[in-house]
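Number of protein chains: 2
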Amino acid sequence: MEDLYAYDAYCFDLDGTIYVGQMMLPGVNDFISGLRSRGKRLLFLTNTPVHTREDCYKRLQSLGVSCQLGEILTAGYVSGMYFAEYAPDANVLVVGEEALRRELQGIGIAITEDPYRSTHVLVGMDRQFHYDKLHLAAKAVRHGAVLLATNPDSCCPVQGDIIPDTGSILSSIEAASQQKASVVIGKPSRYYAEKALQLLNVNSSRCLMIGDRLETDILFGQQNGMKTALVLTGISLREDIQKTGIVPDYIWPSFNECIMEQQDHSKHSTVLQVEKA
Amino acid sequence: MEDLYAYDAYCFDLDGTIYVGQMMLPGVNDFISGLRSRGKRLLFLTNTPVHTREDCYKRLQSLGVSCQLGEILTAGYVSGMYFAEYAPDANVLVVGEEALRRELQGIGIAITEDPYRSTHVLVGMDRQFHYDKLHLAAKAVRHGAVLLATNPDSCCPVQGDIIPDTGSILSSIEAASQQKASVVIGKPSRYYAEKALQLLNVNSSRCLMIGDRLETDILFGQQNGMKTALVLTGISLREDIQKTGIVPDYIWPSFNECIMEQQDHSKHSTVLQVEKA
Numbered sequence: 035m036e037d038l039y040a041y042d043a044y045c046f047d048l049d050g051t052i053y054v055g056q057m058m059l060p061g062v063n064d065f066i067s068g069l070r071s072r073g074k075r076l077l078f079l080t081n082t083p084v085h086t087r088e089d090c091y092k093r094l095q096s097l098g099v100s101c102q103l104g105e106i107l108t109a110g111y112v113s114g115m116y117f118a119e120y121a122p123d124a125n126v127l128v129v130g131e132e133a134l135r136r137e138l139q140g141i142g143i144a145i146t147e148d149p150y151r152s153t154h155v156l157v158g159m160d161r162q163f164h165y166d167k168l169h170l171a172a173k174a175v176r177h178g179a180v181l182l183a184t185n186p187d188s189c190c191p192v193q194g195d196i197i198p199d200t201g202s203i204l205s206s207i208e209a210a211s212q213q214k215a216s217v218v219i220g221k222p223s224r225y226y227a228e229k230a231l232q233l234l235n236v237n238s239s240r241c242l243m244i245g246d247r248l249e250t251d252i253l254f255g256q257q258n259g260m261k262t263a264l265v266l267t268g269i270s271l272r273e274d275i276q277k278t279g280i281v282p283d284y285i286w287p288s289f290n291e292c293i294m295e296q297q298d299h300s301k302h303s304t305v306l307q308v309e310k311a
Numbered sequence: 035m036e037d038l039y040a041y042d043a044y045c046f047d048l049d050g051t052i053y054v055g056q057m058m059l060p061g062v063n064d065f066i067s068g069l070r071s072r073g074k075r076l077l078f079l080t081n082t083p084v085h086t087r088e089d090c091y092k093r094l095q096s097l098g099v100s101c102q103l104g105e106i107l108t109a110g111y112v113s114g115m116y117f118a119e120y121a122p123d124a125n126v127l128v129v130g131e132e133a134l135r136r137e138l139q140g141i142g143i144a145i146t147e148d149p150y151r152s153t154h155v156l157v158g159m160d161r162q163f164h165y166d167k168l169h170l171a172a173k174a175v176r177h178g179a180v181l182l183a184t185n186p187d188s189c190c191p192v193q194g195d196i197i198p199d200t201g202s203i204l205s206s207i208e209a210a211s212q213q214k215a216s217v218v219i220g221k222p223s224r225y226y227a228e229k230a231l232q233l234l235n236v237n238s239s240r241c242l243m244i245g246d247r248l249e250t251d252i253l254f255g256q257q258n259g260m261k262t263a264l265v266l267t268g269i270s271l272r273e274d275i276q277k278t279g280i281v282p283d284y285i286w287p288s289f290n291e292c293i294m295e296q297q298d299h300s301k302h303s304t305v306l307q308v309e310k311a
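From first to last, the protein sequence lines stand for chains F and S.
With this note's numbering as the guide, the letters of the first sequence map in order to residues 35 to 311.
With this note's numbering as the guide, the letters of the second sequence map in order to residues 35 to 311.
It is worth saying that the hints were derived from the structure and are not from the lab.
Be aware that a few hints might be false.
Derived CB-CB ranges, DEER-like [claimed, not checked]: (1) S:Glu147 to F:Asn237: 21 to 29 Å; (2) S:Gln162 to F:Arg70: 35 to 43 Å; (3) F:Gly279 to S:Gln56: 49 to 57 Å; (4) F:Glu119 to S:Gln212: 28 to 36 Å; (5) F:Glu273 to S:Gly142: 55 to 63 Å; (6) F:Gly142 to S:Tyr120: 54 to 62 Å.
Computed list of chain F residues with no C-beta within reach of chain S, every gap over 10 Å [as the list claims (entries may be wrong)]: (7) Tyr39; (8) Asp199; (9) Ile203; (10) Leu204; (11) Ala210; (12) Glu228; (13) Lys277; (14) Asp283.
No farther apart than 27 Å at their CA atoms in a straight line, the calculated lysine-lysine pairs in the DSSO-like style are these [what the hints assert, rightly or not]: (15) F:Lys214 to S:Lys277; (16) F:Lys214 to S:Lys214; (17) F:Lys277 to S:Lys214.
By construction, the Cβ of each residue, glycine as well, lies at the ideal position given by its N, Cα and C atoms.
Based on the provided sequences and hints, a complete structural model is requested.
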C-alpha cells in the first residue's frame with residue numbers, strides 16, 4: 035500500500051476492528067480523523083442482529099468515534115431492508131432479540147408469533163433461544179414459511195469467551211425443519227454489499243473493506259469487488275489466511291502501526307505488506 | 035416372504051411400529067404372540083434418549099406386549115454401554131433429559147456440569163434445551179471434550195405434530211463449537227447393532243429388523259446384515275423408498291395385514307411383497 039488514504043471510501047467492521055467490548059482498539063480514532071480530514075466516505079458494517087443501528091451509533095459516539103447514524107448498517111437493519119424490498123407484506127416469525135424486532139418494526143415489517151400465519155422465519159442470534167422457539171420455527175417452515183437468517187456467523191468472540199451466534203441457532207432450525215435457509219443477509223452476502231455501495235455511491239474498486247474476520251469481512255470485500263485489509267486485533271490470526279485460503283490485500287497488526295508506517299514513508303514496509311496470493 | 039416366522043430373531047422399533055402415542059398398532063400383539071409361541075428371540079430397539087429402558091418396559095407392559103426388561107435397548111442406555119466400554123472414566127456433560135442422566139448413572143458413568151472438567155459431551159433430545167446449554171456444550175468441546183450424540187434423528191413424530199429431536203440440537207452445538215460429533219450411537223450405528231446382536235446371540239442374517247423409518251430402522255438392518263421389513267404405520271411412506279433409495283426386503287401396511295396374508299397361504303401375496311431393487 036503506497037498510500038493509506040488512496041481510496042475514496044472505507045468500510046469498517048465494528049467488533050474486533052473498531053473496539054473489543056468497551057475497549058477502543060489502538061489508532062482507530064487517529065485513522066478515522068485522517069480519513070475525515072481528507073473528505074473520505076465512511077461506512078460501519080456489522081453483522082450483529084442484537085444491537086440496533088441506534089445502539090451502535092450511541093456506542094461509537096460514547097467511544098469518541100466521529101460518525102453519523104446513516105453511516106451504520108447492521109445485519110438486522112439490512113434484513114429489514116430486504117423484506118421492505120422483496121416481501122413488504124411479509125408476516126415474519128422472528129427468532130431473535132428485541133433489537134431485531136425493533137429494526138423490522140421501524141421499517142414497517144409485520145411480526146407474528148403464529149407459525150401458521152407466518153410467511154417468513156427470520157433467525158438472528160438469540161440469547162433467550164430455547165426448545166420451544168426451535169419447535170415453533172421448524173413448524174412454521176414445515177408449514178411453508180421461507181427461512182432466512184440475519185447473518186451466517188456460528189459463533190461470536192466476546193471478552194474472554196466465544197459465544198454461539200446466529201449460525202448455530204439457524205443450524206438447529208434447518209435440521210428440525212429439514213430445509214436450508216434460502217437467504218442469509220449479513221456479510222459476506224451480495225445483498226449487504228449492494229446496500230453498502232448504494233449508500234457510499236462509489237465504484238466498489240475504489241472502496242477498502244477493513245475487518246478482523248476472513249470468512250465474513252474479507253470474503254465480503256473480495257466477493258463484491260472491494261480491496262480488503264485484515265486487522266489482527268480480532269478473531270482471525272495471520273495463520274488463518276493459509277488455512278482458509280482467503281487472502282486480504284493488506285494485513286495490518288493494528289491501525290496504530292499502519293499509521294506510523296505511513297508517517298515513516300517507508301518503501302519496504304513490513305507492516306503494510308501486501309500478501310496477495 | 036414364504037413364511038412370516040422364518041427367522042430366528044426379530045427386532046422391533048417401538049414408536050410408529052409397536053405403538054403411536056398411547057395407541058397400539060393393529061396386529062402387534064397377535065404377531066408377537068405368534069413369535070413367542072414359536073420360541074423366537076425378540077428385541078425392542080428404540081432411538082429415544084428421553085425414556086429409560088425401564089420406562090419403555092412399563093409402557094409395553096401397560097399396552098399388553100409380552101416382553102422382558104432385558105429385551106429392550108434405548109439409545110440412551112446404549113450410549114451408557116459405549117462409555118462403559120470405551121471410556122469408563124469419562125466425565126460427561128449431558129445435554130439431555132433426566133432419563134439420559136439416569137441411564138448413564140445406572141451404568142456408573144460420572145456426570146458433570148463443568149465444561150472445563152468434562153471429557154465428553156453427550157447430546158440427546160432435550161425439551162428444556164436453551165441458549166446457555168448450547169453455550170456450555172460448545173465451550174466444553176472447544177476445551178477438548180469429545181462430542182457424541184445418542185441418536186441421529188433430527189425430528190420426531192408425535193400425535194398430530196413433529197418435534198425437534200437430538201439431531202437438531204446436535205447441529206447447533208456442532209456449529210457453535212465448529213466440531214462434528216465423533217460418534218452417534220443410535221440406529222443406524224454399527225455399535226448399536228453389535229450390542230443388539232450380542233444380546234440375541236444369532237447370526238445377523240437370521241434376524242429380521244422391523245421398523246417404520248427407512249433412514250434409521252431399515253438402513254440399520256441393511257448396514258448390519260439383517261433382513262428388513264418396513265411397516266407403513268409410522269413416519270416413512272411407500273414413496274419415500276424411491277426418494278431415499280433405501281429399499282427394505284418387505285413392506286407391510288401393518289402387522290394385521292401381514293398376519294392375515296400369512297393365514298391365507300397366498301402364493302401371490304400383494305401385502306408381503308418383496309420389492310428389492
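Structure-based check of each hint:
1. S:Glu147 to F:Asn237: 21 to 29 Å: 55 Å, violated
2. S:Gln162 to F:Arg70: 35 to 43 Å: 51 Å, violated
3. F:Gly279 to S:Gln56: 49 to 57 Å: 55 Å, holds
4. F:Glu119 to S:Gln212: 28 to 36 Å: 33 Å, holds
5. F:Glu273 to S:Gly142: 55 to 63 Å: 43 Å, violated
6. F:Gly142 to S:Tyr120: 54 to 62 Å: 57 Å, holds
7. Tyr39: Holds: least Cβ distance 37 Å, greater than 10 Å.
8. Asp199: 8 Å, violated
9. Ile203: About 6 Å separates Ile203 (chain F) from the closest Cβ of chain S, which leaves it inside 10 Å; violated.
10. Leu204: The claim breaks: Leu204 (chain F) does not keep its Cβ more than 10 Å from every Cβ of chain S (closest is about 8 Å).
11. Ala210: About 4 Å separates Ala210 (chain F) from the closest Cβ of chain S, which leaves it inside 10 Å; violated.
12. Glu228: 27 Å, holds
13. Lys277: 12 Å, holds
14. Asp283: Given a closest Cβ separation of 26 Å, the condition holds.
15. F:Lys214 to S:Lys277: 18 Å, holds
16. F:Lys214 to S:Lys214: Holds - the C-alpha atoms of Lys214 (chain S) and Lys214 (chain F) are around 18 Å apart, at most 27 Å.
17. F:Lys277 to S:Lys214: Since the Cα atoms of Lys277 (chain F) and Lys214 (chain S) sit roughly 18 Å apart, the hinted pair holds (cutoff 27 Å).
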